[in-house]
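Chains as they are written, first to last, in the working numbering: chain A, 1 to 542; chain B, 1001 to 1277; chain C, 2001 to 2088.
Mixed in with the good hints there might be a few duds.
Derived DMTMM-like pairs (lysine to aspartate or glutamate); straight-line CA-CA distance at most 25 Å [unchecked claim]:
1. Lys2006/C to Glu524/A
2. Lys2006/C to Glu267/A
3. Lys2006/C to Glu525/A
Just a sample of chain B residues kept apart from chain C, beta carbon distances all over 10 Å, derived [said to hold, decoys possible]:
4. Ala1014
5. Gly1092
6. Asn1141
7. Pro1164
8. Ala1255
9. Phe1271
Simulated from the structure, these hints should not be mistaken for lab results. Every residue gets a Cβ at the ideal spot worked out from N, C-alpha and C, and that includes glycine.
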Amino acid sequence: MNRQVSHAVLAAVAILVLVLIGVQAVDPVLYAAKNISTAAHADPATIQKRSLGDAASLVPLMDDLLGQTGTLALTIKLKDYESAERDLARYNELSRRFDRLVVTLDVSGTDIGEFQQNNRQNQDALAALLNDTRRFDALQRLEIEVRGDDEQHMTVIYEGEALRQKMRETFSAYARREAATVRIAEHYEINATPYQESVDHFAEVADAANGWQEEINGGGTGTGGTGSGGTVQSPLVIAVTPVEGSYGDVLLIGGIHAAGKSGAPVEIYVDSRLAATVALDDDRTYVHSYRVGRILAGPHLAYATAGTIYSNVAAFEVLPKNTSITLSLAEVNGTAVACTGNLTADDGRPVTRAPVLIRVDGETLVGAETDGNGTYRADILLPAGEHALRAEFHAAGYPLNASESPTETVILRGEGLSPFPFAAAIAAAAGTGWYLRRRRSEESTPAAEPEAAPSPEVARPTPQVSIAGLPPREAATVLFCTLRARLGLPETKTPRDCARIAPAYAGFFERYERIRYAGETPSEEELTDMERIALGGDADRA
Amino acid sequence: MPSGVTQIEREAWAILLILLLAAAVAYAHVTTTTEEYSRYNTDWNGTSALPAEEIRDLRNLDTAATLLILAPDRPFTAEEVGYLQTFLDAGGRVIVADEEGTANSLLADLGSTMRVRPQNLASLERDRADPGLFTVSVVGNTSLFAGVGTVRVNRPAAVTGGEPLLETAILTWEDGDGDGRISGDEVFGTAVICAAEGNLTVLGDESLFINAMLAENPQFIENIQPIRVDSIHSRTGTANPIINTRLWIQETPPAAAAAAALAILPVAWHFGRKRDD
Amino acid sequence: MADAKKYYAAAVLAVWLIIIAFFMVLSRTLDLEVFFVLALIGLLVVAVLIDGAFSRPRYMRYIGYIIAAGVALFAYIVAQKILEILAA
């Protein structure tokens, strides 16, 4: 009774425990000390290490940028154009690195973001200054050559006037940015002296242009750059209406060419880049609808050329606008998440073909682009688990303010079960089974005998055997021989063979096998049992 | 099989072994706590690994040692302030480590202008994912931080006044909305984590002394040796009655003698009486 | 007792499981896979040590099946870990 009940109880408990464990087996890590922290401190051993990042290089990079403006402006002033090109290239490279760093470190919402915008505008201004100064030099040389030819001289004058206006406008914008940039530089303890010197150099270059213009105009009424026009009036006039606009607005750039012919082409430049080519109408007017797209906020210049005639320079202002970006997530087949959203300016206009960044878990950045309706879509592959995503629009080169969406979380299920582990498990079980079976068959091969052994069911009368006084192991041997003889088994049979042939007495033979070959010693009760069995008692109880 | 030992005795040995294991586990469980900053907390946020000596009396302190007041949560009486003042005047060093501002009343009593301002400082100058775990640099010239260039801090508070000893990088901000990044109207700025006035140093990060942080700034811990921890006011004690009883027994000689007698007497009686088998 | 070796083996296996559990609790990481693998190692060691060359007691007859099942589960765990590493 005890035995079977206890076995049953053990089996039931074992099955219960296995079921309980099996329930947990899907997620085997039951508990792990992860990210233990209290309000006062966090356990550094459990916080994930990450690379030191480039935060340390942010402020030195700002220092480099300001220093580079100083050298660049100086080389332009000294008319060392080769060095200036090299300096400009290095400045562009530094600006690119700075932009990348600001986006990676996610600091564009601070005054560093403002510094970044100012830096972009400074970059444009210094590049324009370099080109304008070079062209201005060429004009100065050309003006001397064509002194005799009135018509050509006039075109040179017009172009010179246009350049002068450009440089003056660019300089005033550059100088307007000085106060904010110096304030930010002082906040971060950066040396702003080179930058302030660059403003001075810029001023000198603009003044030199003024001086030349007065000189060739005979120095009459020109007392130094007061308003547009002076004593030179180009026949080609340009104006921008309205004078201000923001992203998506359409500005009309046009004017009259007093000395032009109908159908002649007029090229319109915005910030020294060709914006459009239009033809003169019958009344010698031209007009172009300019849509404010990817252009920096702030002051810009427009001028036109017809053949070799340059127009005056018209200034217009692009006003910044706020934007808003939305993000919605949808899980796609367990391993990827589809991100969609809209990027619109505050007045509802969509921002088209603009780069959008999706920040995954605060670290990784994935790029996407909006289409013609301002909608973007990206599919991102992520490992299983919970992830936090945020869409950001860094308005690089747009007259828009940066914006970001609220952070959304998504939980990915991960891939389903793959068949490879199951195949491995089955293969391992088969291999183990084959190995164990082979080992067993090796053991029983030497003992393989024809199975036609006499069936020993008949028990012959017991011989009289006494084991009193014998040592236990010898007594066991005697008992074994007795039983073997009683069952009619030949004396060549080993205990194992006997157990195989007479399974009813298997327990006895196994016990004897251990005694005989494994050196075990039977106890008194065991010997009594064995004696009873050997001499014809009931079935085995070994 | 061993033949001289019977089955019953073998089972008894096995049970004894298991009971010993269980007793060891129970002992370890009962004599340690999980209170923060406790000397009996062997976990990451305890101070059991800090090589310091506890003192209960602020009188006649050895001026060669550094007195550490770690996360004080009990007020100082006027008498105790007087002892501290004497100690400071005699040339002893006092370090007050506090992150919550509870030491401000003590600092006011000592006549110091330094105050602790609890803030949720976060910095970009870090190599861990948590924004509160960052490095600060040593400014100023003091023996406390001799040979130390940077100190790794763990969610510190800012200290105002005094002569600055530890300053954060410029890319540090107070994370008001707790989102781990600079946003809204948060601005960058440096903050002072540790300041000193003469021999009195105020350290805005008491987490520097917990077990998990001791390995991060080994030179600093070495510089302030030998340390005496003011266990009356610091939070290095424990509310666990068993530990406190054991401490009391250790410190009161009559109680120790009584405990020893309690342990020896039964054994002596057992072996001393006549055997009657 | 005839089955003393059987009881010894069971006791050693139980103590080994307790030791593993003790250290896992001490290090505050309870991982079922690690526990299973260490238990399987214990079972294999015990099976090899008690297996006599000359006899095959009844309690050793079916241990082959248990070991095969354990090895199959072990192979499953290893294959899954390999997949995880490859996917990373």
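**OP:** Against the structure, test the hints numbered earlier, and report the numbers of the ones violated in rising order.
**Re:** Per hint list: 2, 4 violated.
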